[in-house]
Amino acid sequence: MAAAAHDSLTRARVRTAWLFLAPMLFVLAIVALWPLARTLLLSLTDASLGAAGTARFVGFENYLVKDDGAWYGLLADPLWWLALRNTLTFAFVSVAAEVVLGTLIALILNARFRFRGLMRAAVLVPWAIPTVVSAKMWAWMLHDQFGIVNDLLLRLGLIGAPLAWLADADLALWSVIAVDVWKTTPFVALLVLAALQMLPEDCYEAARVDGIHPAKVFFFVTLPLIRPALIVAVIFRFLDAMRVFDLVYVMTGNADATLTLSVHARQMLVDFQDAGSGSAASVLLFVVIALLSVLCLLAMRGEVLGRRQ
Amino acid sequence: MMALARALAFRLLVAVLLVYLLFPFYYAVLTSMKGGSAIFSVDYWPRQIDFSNYARIFSEQPFALNILNSVLVAFAVVALSLLLGLTAAFSLGRIRFRGRSALLFAVLAVSMFPQVAVLSGMFELVRAFGLFNSLLSLVFSYMIFTLPFTIWVLTSFMRELPREIEEAAIMDGAGPWTLIVRIFLPLLWPAMVTTGLLAFIVAWNEFLFALTFILSNEQRTVPVAIALITGGSEFELPWGGIMAASVTVTLPLIALVLVFQRRLVAGLTAGAVKG
Amino acid sequence: MAEVRLVGLRKSFGRTEVIHGIDLRVEDGEFVVFVGPSGCGKSTLLRLISGLEEATSGEIWIGGREVSQVPPAKRGVSMVFQSYALYPHMNVYRNIAFGLSLAGASRADLDARVRAVAEKLQIAELLERRPRELSGGQRQRVAIARAIVREPQVFLFDEPLSNLDAGLRADTRVEIARMHDELRATMIYVTHDQVEAMTLADRMVLLNDGRVEQVGPPAELYRQPRNLFVAGFLGSPRMNLLEVQSGEGGLLLPGGGSIAHSGELPRGQLTLGLRSEDLHPTSGEGVLRGEVTLVEELGETRLVHLRIGDGQSVIFRHRELPGPRPGDRIALDADPERALLFDGNGERL
Ligand SMILES: Nc1ncnc2c1ncn2[C@@H]1O[C@H](COP(=O)(O)OP(=O)(O)O)[C@@H](O)[C@H]1O
Ligand SMILES: [Mg+2]
Numbered sequence: 106m107a108a109a110a111h112d113s114l115t116r117a118r119v120r121t122a123w124l125f126l127a128p129m130l131f132v133l134a135i136v137a138l139w140p141l142a143r144t145l146l147l148s149l150t151d152a153s154l155g156a157a158g159t160a161r162f163v164g165f166e167n168y169l170v171k172d173d174g175a176w177y178g179l180l181a182d183p184l185w186w187l188a189l190r191n192t193l194t195f196a197f198v199s200v201a202a203e204v205v206l207g208t209l210i211a212l213i214l215n216a217r218f219r220f221r222g223l224m225r226a227a228v229l230v231p232w233a234i235p236t237v238v239s240a241k242m243w244a245w246m247l248h249d250q251f252g253i254v255n256d257l258l259l260r261l262g263l264i265g266a267p268l269a270w271l272a273d274a275d276l277a278l279w280s281v282i283a284v285d286v287w288k289t290t291p292f293v294a295l296l297v298l299a300a301l302q303m304l305p306e307d308c309y310e311a312a313r314v315d316g317i318h319p320a321k322v323f324f325f326v327t328l329p330l331i332r333p334a335l336i337v338a339v340i341f342r343f344l345d346a347m348r349v350f351d352l353v354y355v356m357t358g359n360a361d362a363t364l365t366l367s368v369h370a371r372q373m374l375v376d377f378q379d380a381g382s383g384s385a386a387s388v389l390l391f392v393v394i395a396l397l398s399v400l401c402l403l404a405m406r407g408e409v410l411g412r413r414q
Numbered sequence: 024m025m026a027l028a029r030a031l032a033f034r035l036l037v038a039v040l041l042v043y044l045l046f047p048f049y050y051a052v053l054t055s056m057k058g059g060s061a062i063f064s065v066d067y068w069p070r071q072i073d074f075s076n077y078a079r080i081f082s083e084q085p086f087a088l089n090i091l092n093s094v095l096v097a098f099a100v101v102a103l104s105l106l107l108g109l110t111a112a113f114s115l116g117r118i119r120f121r122g123r124s125a126l127l128f129a130v131l132a133v134s135m136f137p138q139v140a141v142l143s144g145m146f147e148l149v150r151a152f153g154l155f156n157s158l159l160s161l162v163f164s165y166m167i168f169t170l171p172f173t174i175w176v177l178t179s180f181m182r183e184l185p186r187e188i189e190e191a192a193i194m195d196g197a198g199p200w201t202l203i204v205r206i207f208l209p210l211l212w213p214a215m216v217t218t219g220l221l222a223f224i225v226a227w228n229e230f231l232f233a234l235t236f237i238l239s240n241e242q243r244t245v246p247v248a249i250a251l252i253t254g255g256s257e258f259e260l261p262w263g264g265i266m267a268a269s270v271t272v273t274l275p276l277i278a279l280v281l282v283f284q285r286r287l288v289a290g291l292t293a294g295a296v297k298g
Numbered sequence: 002m003a004e005v006r007l008v009g010l011r012k013s014f015g016r017t018e019v020i021h022g023i024d025l026r027v028e029d030g031e032f033v034v035f036v037g038p039s040g041c042g043k044s045t046l047l048r049l050i051s052g053l054e055e056a057t058s059g060e061i062w063i064g065g066r067e068v069s070q071v072p073p074a075k076r077g078v079s080m081v082f083q084s085y086a087l088y089p090h091m092n093v094y095r096n097i098a099f100g101l102s103l104a105g106a107s108r109a110d111l112d113a114r115v116r117a118v119a120e121k122l123q124i125a126e127l128l129e130r131r132p133r134e135l136s137g138g139q140r141q142r143v144a145i146a147r148a149i150v151r152e153p154q155v156f157l158f159d160e161p162l163s164n165l166d167a168g169l170r171a172d173t174r175v176e177i178a179r180m181h182d183e184l185r186a187t188m189i190y191v192t193h194d195q196v197e198a199m200t201l202a203d204r205m206v207l208l209n210d211g212r213v214e215q216v217g218p219p220a221e222l223y224r225q226p227r228n229l230f231v232a233g234f235l236g237s238p239r240m241n242l243l244e245v246q247s248g249e250g251g252l253l254l255p256g257g258g259s260i261a262h263s264g265e266l267p268r269g270q271l272t273l274g275l276r277s278e279d280l281h282p283t284s285g286e287g288v289l290r291g292e293v294t295l296v297e298e299l300g301e302t303r304l305v306h307l308r309i310g311d312g313q314s315v316i317f318r319h320r321e322l323p324g325p326r327p328g329d330r331i332a333l334d335a336d337p338e339r340a341l342l343f344d345g346n347g348e349r350l
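Residue numbers (my numbering), protein chains in the order written: chain V, 106 to 414; chain L, 24 to 298; chain E, 2 to 350.
No lab work stands behind these hints: they were computed from the structure. Fair warning: there could be bad hints in the mix.
Output of the computed footprint for chain E on chain L, the stretches with three or more beta carbons under 8 Å from beta carbons of chain E [stated by the list, open to error]:
#1 174-188
#2 192-198
#3 205-219
Some but not every residue of chain E turned toward chain L, in silico, with C-beta under 7 Å [claimed, not checked]:
#4 Leu53
#5 Val71
#6 Pro73
#7 Ala74
#8 Ser84
#9 Ala86
#10 His90
#11 Tyr94
#12 Phe99
#13 Gly100
#14 Leu103
#15 Ala106
We treat Cβ as the ideally placed atom computed from N, Cα and C, and that holds for glycine.
Kindly generate the complete structure, drawing on both the sequences and the hints.
This is the structure we're talking about:
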C-alpha cells in the first residue's frame, strides 16, 4: 500500500502551486493572451471596430496583396515604412542619449559632494511625472509663439527667428526624442548607479595610487565592470522605446513627421475604425518587437558566454 | 589651482543638471499661476500668484471627479495585482514544479507586449463584458502592465526568505494560505510597498487604454482629462489650466516618490537587474 | 509517547539516491542521536521522519501508525532547527503560541500552556520581545519552547547547538538532557559533534553516505566499533591504526614488537586499532618503541606523538608528571583486551 502512492505529499504541494497560480494565469490569459490572439485573428479579416460580426476572412490582404499588378496592404504602404523608420530613429537615438547622459548622472551621484541628496531626489522628479504631463509641459515650453525655449534661444542669439519645434517636420521628431530623454534618463541613471555601487572599492584605490587619469580609469576599469548593467538597461529601454505612444500622441498627435508604429496602429484602429488593418499594424509591431527581443536575448547570451570564457 | 578649477567645473555641471531636471516642472508651476493675459509673456521668475487656473479646472470641468476616478482605479489595481502577485510568487518562489521557469519567462514576455497589440482584442472583451466606459475596464486591462513586474519582484524577494522559517510554520500546521498570509506577507511587507507603489504609478499614468475605453468626461482618469483640456474659445490659450491640472496631479506623486525614494529605487533595480 | 520505526527507507533527489535503505527502531522515550560526517544524510533522514521531505520508498511508523503519507503537522512530531527559524515578525509569545492557535486551542488553554512552557524554560520575562532582541541562547530556548508546547510524541533536533558558542553549547546540552529526563519523550537528535552525541545519546546511530554503519549505546560504539569507519570516526584523538602482520601465535608490530593472540586469525596483513588511552609507557621492553616527535599539553593529561618506524606513528595519552620531551625514546605497553583487529575489508574480527 505504501508503494502505491509514495509522493502524495509532494503531489499535494505541486497541486497547491497550480491552485495559487491559477488566478494570476487566468487574469493574464484574459488580458494578454486572448486579446493578442483576437488581434491576430482580426488582422486576417476586414472587420470594422464599430460593427463587429460582419467581418469577412481576407487572409493576408491587410498585410500585403497583389491586385491588378499593384501591391496593396500595410507592407506596401509608405506610411507604415515611415512609421517604422521614425520608431527606429526614436528608439536608437533616445536610448543612446539616455545611456550616455544616464551614465554621466550616475557617476555624479556616485561621487561624494554636498548636494548629493538633493541631486538624487531631483533625478527622480522627471521619472515621477506622468508621461502625459511631461508631454504637455514640454509642448508648452516648445510652443512656437509663447514658448520659453524659443525665447531663451532668441535672447542668447542662437536662433534668428522662433522655431516651430513640434510643427516643423524637420524638428518634431527630435523634439519628441529630447523630451523622452529628459523623462527617461533618470531610470537609466538609477540602474547604472546601482551597478556602480556594487563595484569593488579596491580597484579604484589601486588606480588612484598608481596615479592613473580618471578618464582612463573610467574607460578601462569602470565601464567594463558596469557593462552587464548597461546592457540590461539598454535592452530594457530599447524594447520600451519601440512601443512609444503617449508622448508622441500627446505632443504631436498623428502627424506624419513623428508617426510611430504604435501611433499608426491606433490611428487605423480607433480613428479609422479599421479593425482589420489596425490589427494587422498591431501584429506587425508585435512581430518587430518579438524579433528584436530574440535578437537582444541572443546578444545577451553571447555576452554571458563571452564573459565566462 | 587645477584642483580649484576642477571643483568649480564639477559644481557647475551639477548646477546645470539640476536646472535641466527641475526647470520644466518649475516652469509648469509658474505657468499655472499666471492669470489672464500674463500667459502671453515669457517669464523666468514668478511675477504673480494667481490661483484662478486651479479654481477653473475644478469648476468648469469634472476634474475632481477625474482625480477620484484615477485614485479608485489605482487603488483597485494595486490591491488586485498585489493579491494575485503574492499568491503567484508563493508558487513560483517556494515550490519546485515542472514548468516553473518557463512560466516565469512567459510572464516576462507579457511585459514586453506592445500595448496596441492587445488593443483591438481588449476592446472587444471590454465591450463583451459590458465594461465600455466603465472604470472596471481600466482596472482589468491594467493587469497586463502591473502583474508581470509584481510577480517578478515578489518572486525574487520570496526566494530569499529562509527555508527553515517556512518549514517551522509547516510543522506548526500552517497550510499554504496561512503561510502566505501569516508568515510571508508580514515578511514581504517592504517588497509589497515597493511593488504596490510602482503599480500605483503605472495605473495613475496610463493613457492609451484610458483614452480608448472611456468615453464620457465624468468617467475619465486624470491623464486623459489633461490631454483633452482645451481653451474655452479658439483664441484662449488653455495652457494655464493644463499646467494647473498637471501640477495638481503631479505634486502628490512627486511627494510619494521622494518619501519612498530608497524603496522605489531598490524595487526598480531589483526588477530590472534580476530580470 | 511513541516509538519510531523506519523500514527500508530510501530517498533520492532527482537521480541521486542519498538514503540507501535504512531500517531502524527508536524505542518509546529513547534519546537517539544520528551522527556522521557532513553530507552523510543525517538531516535528510530527520526531515523524512518529520515529513518535510517525502521518502522515495519505505515506511515510517510513529506510535504504531504508518505516517509516510501524513502531513508533517499531523505526525505528532516537532522539530528544532539549526537556525532556530523563529518567526521574525512575531514576539516570543506568539512564536510559541502559533502552532497551538492553528490547531484551534482555546484562548485560556493556549495562554496557560504558553506560560507554563515559558516558565519551565526561564523565558517568561521575554514573552513580549521580538526574536531579534534576543541573544542566541535565548532564541534557542524559544525554539525549544515552541517545540515542547505542542506536546509532541517525538522531538526532532537538527544540530540545534551548532550556532551557539562553546560555553553556552555545553550548558544547553545539559539542559536538553534534563528536559529529556523530565518529559520522557522520544527524541531524535542530529549532530556532527561526537561529544554531543556521546553525552546525550541512549543509543547512537552512526551514518555514512546514506547508510547505517552501526547502532548502539555510545560506549559500545566506542569500545566495539564494527568496522574501521566507526573506529576512526569516534574518539579524539583518532584511534591509532597500525599495519600489522599476523603470524604464528601473535601479531608482528612495526618496530619489531609483538602481541600474543590466542584466537584463530587469518594470515597476512591486518589493521590493529589502539586508542590513545590504552597505551602506557613502560620501563620494560614494551610492544612499541619510538622517538617522541610532539607533545600536546592538555593540562590534566598530554598527548604524545611517537614515531615508531616504518613511517608509522602513534599517539598516546600520558598522565604522570613530568611529561616526556621531543627526542626522548619511549617504550609502550598495550592493553591486549582493548586492542581491536580489522581485516582487509575494514571489518572487525
Ligand atoms: N534538496 C536537496 N536536493 C538535492 N540534494 C540534496 C538536497 N538536500 C540534501 N541533498 C544532498 O543529500 C546529501 C545529504 O544531505 P544532508 O542530509 O543535508 O546531510 P547532513 O545533514 O548529514 O550534512 C548531501 O549530499 C546533499 O547534497
Ligand atoms: Mg545537516
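Right, here's what the structure says about each hint:
A count of 3 residues in the stretch 174-188 of chain L with a Cβ less than 8 Å from any Cβ of chain E is obtained; the coverage claim is therefore met, three being the minimum. With 6 residues carrying a beta carbon less than 8 Å from a beta carbon of chain E, the stretch 192-198 of chain L meets the three-residue requirement, and the given coverage holds. Only residues whose C-beta sits within less than 8 Å of a C-beta in chain E count toward coverage, and the stretch 205-219 of chain L has 4 of them, enough to reach three; the restraint holds. Taking 7 Å as the C-beta cut-off, the interface hint given for leucine 53(E) holds, the closest approach to chain L being about 5 Å.
A cut of 7 Å between beta carbons decides the hint on valine 71(E): the least distance to chain L is about 12 Å, and the hint is violated. Hint on proline 73(E) holds. Least Cβ distance to chain L is approximately 5 Å, under the 7 Å limit. Hint status for alanine 74(E): holds, given a least beta-carbon distance of 4 Å to chain L, under 7 Å. Of the supplied interface hints, the one on serine 84(E) holds, with its beta-carbon coming within about 5 Å of a beta-carbon of chain L, less than 7 Å.
Below 7 Å, beta-carbon pairs count as interface contacts, and alanine 86(E) has one with chain L at about 4 Å; its hint therefore holds. This hint holds: histidine 90(E) has a C-beta 4 Å from the nearest C-beta of chain L, less than the 7 Å allowed. Look at tyrosine 94(E): its Cβ only gets to about 14 Å from chain L, farther than 7 Å, so that hint breaks. Using the Cβ-Cβ criterion of 7 Å, the hint placing phenylalanine 99(E) at the interface with chain L is satisfied: the shortest such distance is roughly 5 Å.
Hint on glycine 100(E) holds. Least Cβ distance to chain L is approximately 3 Å, under the 7 Å limit. The interface hint given for leucine 103(E) is met, as the beta carbon of that residue sits about 4 Å from the closest beta carbon of chain L, less than 7 Å. With its C-beta approaching chain L no nearer than about 11 Å, alanine 106(E) sits outside the 7 Å limit, and its interface hint is violated.
Checked against the numbered hints above, the structure breaks hints 5, 11 and 15 and satisfies the rest.
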